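Engineer: Residues per chain are reported as follows:
2 protein chains.
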Amino acid sequence: MSELKGAAIFGQSGGPTAVINASAAGVFLEALKQENITAVYGAAHGIRGILEEKFYDMSKEDPYELELLKTTPSSALGSVRYKLKNAEEDETDYKRLLEVFKKYNIRYFFYNGGNDSMDTCNKVSKYMQKVGYECRVMGVPKTIDNDLWGTDHCPGYGSAARYIATSIMEIYHDARVYDQGQITVLEIMGRNAGWLTAAAALAKHAGYGPDLIYLPELPFDMEKFLDEVNDLYRKQKNVIVAVSEGIKDKDGKYISEYGTELAYKDSFGHVQLGGLASTLVNFLKAKTNAKIRGIEFSLLQRCAAHLGSKTDVNEAVLAGEMAVKYAVEGKTDYMVAFERAAGPEYKCNIKLVNLSEVANKEKKVPLEWIDENGTGLKQEFIDYALPLIQGESSPPMVNSLPRFARLKKVLATEPAMCR
Amino acid sequence: MSELKGAAIFGQSGGPTAVINASAAGVFLEALKQENITAVYGAAHGIRGILEEKFYDMSKEDPYELELLKTTPSSALGSVRYKLKNAEEDETDYKRLLEVFKKYNIRYFFYNGGNDSMDTCNKVSKYMQKVGYECRVMGVPKTIDNDLWGTDHCPGYGSAARYIATSIMEIYHDARVYDQGQITVLEIMGRNAGWLTAAAALAKHAGYGPDLIYLPELPFDMEKFLDEVNDLYRKQKNVIVAVSEGIKDKDGKYISEYGTELAYKDSFGHVQLGGLASTLVNFLKAKTNAKIRGIEFSLLQRCAAHLGSKTDVNEAVLAGEMAVKYAVEGKTDYMVAFERAAGPEYKCNIKLVNLSEVANKEKKVPLEWIDENGTGLKQEFIDYALPLIQGESSPPMVNSLPRFARLKKVLATEPAMCR
Chain A
1 MSELKGAAIF GQSGGPTAVI NASAAGVFLE ALKQENITAV YGAAHGIRGI
51 LEEKFYDMSK EDPYELELLK TTPSSALGSV RYKLKNAEED ETDYKRLLEV
101 FKKYNIRYFF YNGGNDSMDT CNKVSKYMQK VGYECRVMGV PKTIDNDLWG
151 TDHCPGYGSA ARYIATSIME IYHDARVYDQ GQITVLEIMG RNAGWLTAAA
201 ALAKHAGYGP DLIYLPELPF DMEKFLDEVN DLYRKQKNVI VAVSEGIKDK
251 DGKYISEYGT ELAYKDSFGH VQLGGLASTL VNFLKAKTNA KIRGIEFSLL
301 QRCAAHLGSK TDVNEAVLAG EMAVKYAVEG KTDYMVAFER AAGPEYKCNI
351 KLVNLSEVAN KEKKVPLEWI DENGTGLKQE FIDYALPLIQ GESSPPMVNS
401 LPRFARLKKV LATEPAMCR
Chain B
1 MSELKGAAIF GQSGGPTAVI NASAAGVFLE ALKQENITAV YGAAHGIRGI
51 LEEKFYDMSK EDPYELELLK TTPSSALGSV RYKLKNAEED ETDYKRLLEV
101 FKKYNIRYFF YNGGNDSMDT CNKVSKYMQK VGYECRVMGV PKTIDNDLWG
151 TDHCPGYGSA ARYIATSIME IYHDARVYDQ GQITVLEIMG RNAGWLTAAA
201 ALAKHAGYGP DLIYLPELPF DMEKFLDEVN DLYRKQKNVI VAVSEGIKDK
251 DGKYISEYGT ELAYKDSFGH VQLGGLASTL VNFLKAKTNA KIRGIEFSLL
301 QRCAAHLGSK TDVNEAVLAG EMAVKYAVEG KTDYMVAFER AAGPEYKCNI
351 KLVNLSEVAN KEKKVPLEWI DENGTGLKQE FIDYALPLIQ GESSPPMVNS
401 LPRFARLKKV LATEPAMCR
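Chains as they are written, first to last, in the UniProt record's numbering: chain A, 1 to 419; chain B, 1 to 419.
There could be a bad hint or two in this list.
Short, incomplete list of chain B residues facing chain A, as computed with Cβ under 7 Å [to be verified]:
{"id": "1", "residue": "H45"}
{"id": "2", "residue": "P73"}
{"id": "3", "residue": "S74"}
{"id": "4", "residue": "S79"}
{"id": "5", "residue": "E170"}
{"id": "6", "residue": "D179"}
{"id": "7", "residue": "A206"}
{"id": "8", "residue": "I295"}
{"id": "9", "residue": "C303"}
{"id": "10", "residue": "H306"}
{"id": "11", "residue": "S400"}
Source of the hints: derived by calculation from the structure; they are not laboratory data. Since the model is a prediction, treat every value here as computed from it, not as a measurement. All C-beta atoms, glycine included, are put in the ideal place defined by N, C-alpha and C.
Please model the complete structure; the sequences and the hints are all you need to start from.
Structural biologist: This is the structure in structure tokens:
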């Protein structure tokens with residue numbers, strides 16, 4: 001275990017979740033305790049904040065507000081979608097990062113995000129190694145999509161899954177209130193992996209869920225879909241369908257793009273798409289006489305901190321804390337990951353995975369967890385997902401509305417050489 | 001005070017809310033305690049259930065499940081949108097109702113709903129009076145739209161308002177996470193009255209709300225809208241707009257119908273509308289270079305029992321209870337209503353309003369509560385609405401998912417003459 005004294009910086013990247021700030025709280029609160037960490041910075045808009053030398057001095061924040069980050073959704077520091085070029089092709093960004101790291105004596109780099117962000121993290125790590133700048137680099141996983149490789153699951157998923165399951169259970173009650181019947185199409189996020197849409201099966205498990213669930217792991221067939229919906233509509237009048245935004249046909253074309261042929265083109269010739277739910281609703285309206293309603297969970301599913309999973313929040317905090325502890329102990333070039341312990345009780349241990357093994361890979365829902373008809377999830381999925389949504393987390397309330405963290409965001413200034 | 005012995009029937013009508021079942025619980029639990037009430041029925045799908053002689057014997061239900069109705073959203077008995085003809089024009093339905101009332105010795109009729117439902121309730125009341133059938137008729141108010149005349153507010157509104165305010169506060173965090181800016185358009189229910197959309201101002205009051213709020217109480221001008229959005233977009237990059245689904249232009253044309261000209265027509269010539277949010281998103285996309293996102297709260301806003309207002313739930317229960325108590329005491333032909341007591345502390349008393357005064361009227365947001373620019377609400381609205389969302393109500397949880405009421409729904413059989 002080698003000692004390394006210097007500043008730490010933390011960045012948030014990719015789409016927000018209900019708990020990405022919980023990991024931030026874990027990193028900040030732990031880093032502020034560490035003697036070897038001489039300053040704790042939060043990068044504005046992830047890697048871009050470092051490139052632009054725009055980051056905040058987290059020691060200036062009220063500890064109570066840092067605590068509140070645990071139940072404040074989205075990315076409090078701002079997020080970014082920025083893909084670093086390969087260093088072999090273009091070193092510009094890397095040189096700039098190195099310059100900033102040296103200027104502020106940054107020796108700890110923590111990056112919180114999904115696949116793309118782990119790619120960024122990996123590239124930074126490898127570059128710093130190559131140029132011999134000693135810096136401990138740790139990835140902290142997050143994504144509602146739950147598609148990161150090398151970890152049992154990702155912080156952010158449990159809370160989004162709890163929101164989706166709860167909302168569907170409520171919609172289930174509303175969508176069958178009249179006796180003339182209704183087909184309800186629910187569009188859920190997840191471009192390539194169906195984990196979030198699969199969470200609809202938790203609602204079904206609890207007694208009030210969709211009749212049909214379509215994941216992007218399997219090709220989607222419009223005619224089979226129509227038959228399945230029609231069949232149930234005839235039998236039971238009320239039908240609820242959950243679809244992943246990312247479903248594609250057997251040729252790999254997104255079903256949401258089917259709308260293109262029908263859609264209005266603006267004066268620039270741009271197609272104005274209504275989204276997948278709207279495409280399917282229009283299709284069903286043309287093909288059936290049923291009352292049809294499409295519902296998109298949209299941003300709500302990734303920012304609903306009021307319906308957080310306590311398990312998820314705690315694990316997100318832990319992932320941040322452990323990233324700091326491991327880095328201070330001398331570990332680098334890893335992503336913090338979860339490994340489920342064997343046994344009937346749910347328990348996850350922290351492990352470390354090489355960044356290069358995680359970057360740019362995707363973990364999908366195992367095909368053997370999908371039922372024979374391709375429209376539902378088996379018990380294996382329930383056993384996997386149900387523990388992840390356990391425990392109720394919500395922000396403290398003021399006037400019965402959430403009280404979220406308010407950061408001062410004091411810009412960091414160049415440090416004196418010693419603290 | 002005259003004694004009247006007989007059965008009671010309760011029906012739910014119109015769009016569901018998070019607390020319509022709370023009023024049902026109030027009616028059922030109170031009616032089951034009353035000695036003069038010989039049987040307690042719940043009508044399947046409102047007035048239609050009575051016409052079709054399909055109603056449930058509520059004494060067969062587990063009391064715990066009736067308690068759970070207080071936190072179970074939507075209409076547990078099923079709802080209906082059925083307009084009774086005027087008795088002068090067509091007596092068929094009324095004769096049938098009378099027949100069923102006599103057969104089951106129904107002497108208490110409780111009807112839970114909004115404007116249209118109070119019209120039904122009023123018509124039934126007047127008919128029974130006309131033919132001299134003694135029956136106590138009481139309306140129980142409910143509507144997320146909050147547009148019932150004669151009452152300070154309506155059960156259902158407070159919970160929907162709390163959901164809308166909370167969700168907007170969360171979306172606010174998500175919708176400004178990247179630094180390239182975004183215009184977010186939120187579509188909120190309310191066809192003619194803007195109460196629900198106005199609830200967005202509660203989010204703003206709490207620090208994280210829409211920049212612009214457009215209610216149907218004022219004519220909507222597309223060019224003014226574009227200017228206002230563009231102006232803010234230039235200044236602050238992130239703009240959140242809340243619009244009522246019912247906004248119309250100065251000629252009374254729904255803005256959502258503007259999409260008609262752009263929309264795809266199916267093979268029958270039917271226009272497939274994407275809704276108001278989609279119309280405005282397409283409009284802004286064509287007119288600006290901004291990233292635009294439309295979000296419809298859809299059914300979620302009227303069934304989110306997990307984010308209920310305890311004040312709302314308690315008042316909904318109370319409205320049901322008091323309807324029964326007043327009816328047993330001899331009152332008839334009224335709707336139960338709320339009257340706010342003067343003073344700094346929120347307190348509402350129950351009062352009775354003549355059904356004929358309530359039927360088919362609408363209460364809108366007072367124009368003097370809307371700010372000069374027509375894009376925000378004044379403090380008067382906050383003072384009015386904030387007390388209504390106070391207190392946290394959510395269903396009991398099993399596996400961290402809601403446990404809703406499960407009714408047996410035992411169909412009533414013709415009663416013996418005496419109990």
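Engineer: Closer than 7 Å between Cβ atoms is the bar; does B/S74 clear it against chain A? Give me holds or violated.
Structural biologist: Holds, about 4 Å.
Engineer: With a cut-off of 7 Å on the beta carbons, see whether B/H45 makes it to chain A.
Structural biologist: Hint holds; B/H45 Cβ to chain A Cβ min 5 Å, cut 7 Å.
Engineer: Using Cβ atoms only, decide whether B/C303 comes closer than 7 Å to chain A, and label the hint accordingly.
Structural biologist: Result: holds, 4 Å to nearest chain A Cβ.
Engineer: Was the hint right that B/E170 lines chain A, CB cutoff 7 Å?
Structural biologist: This hint holds: B/E170 lies near chain A, its Cβ roughly 4 Å from the closest one there, short of 7 Å.
Engineer: A closest beta-carbon separation below 7 Å is what the hint needs, so does B/D179 meet it against chain A?
Structural biologist: Since chain A brings a Cβ to about 5 Å from B/D179, closer than 7 Å, the hint holds.
Engineer: Hold the hint about B/I295 up to the distance rule: shortest CB distance to chain A must be less than 7 Å.
Structural biologist: 5 Å, holds
Engineer: Against chain A, with CB atoms and a cut of 7 Å, does the hint on B/S400 hold up?
Structural biologist: Holds. Min distance 5 Å.
Engineer: Can we keep the B/H306 interface hint, with Cβ of chain A closer than 7 Å?
Structural biologist: 6 Å, holds
Engineer: Please verify that hint: B/P73, Cβ, nearest Cβ of chain A, below 7 Å or not.
Structural biologist: 5 Å, holds
Engineer: Hold the hint about B/S79 up to the distance rule: shortest CB distance to chain A must be less than 7 Å.
Structural biologist: Holds: closest Cβ of chain A sits about 5 Å from B/S79, inside 7 Å.
Engineer: For the restraint on B/A206, tell me whether the closest CB of chain A is nearer than 7 Å.
Structural biologist: 5 Å, holds
Going through the hint list in order, the structure satisfies each hint without exception.
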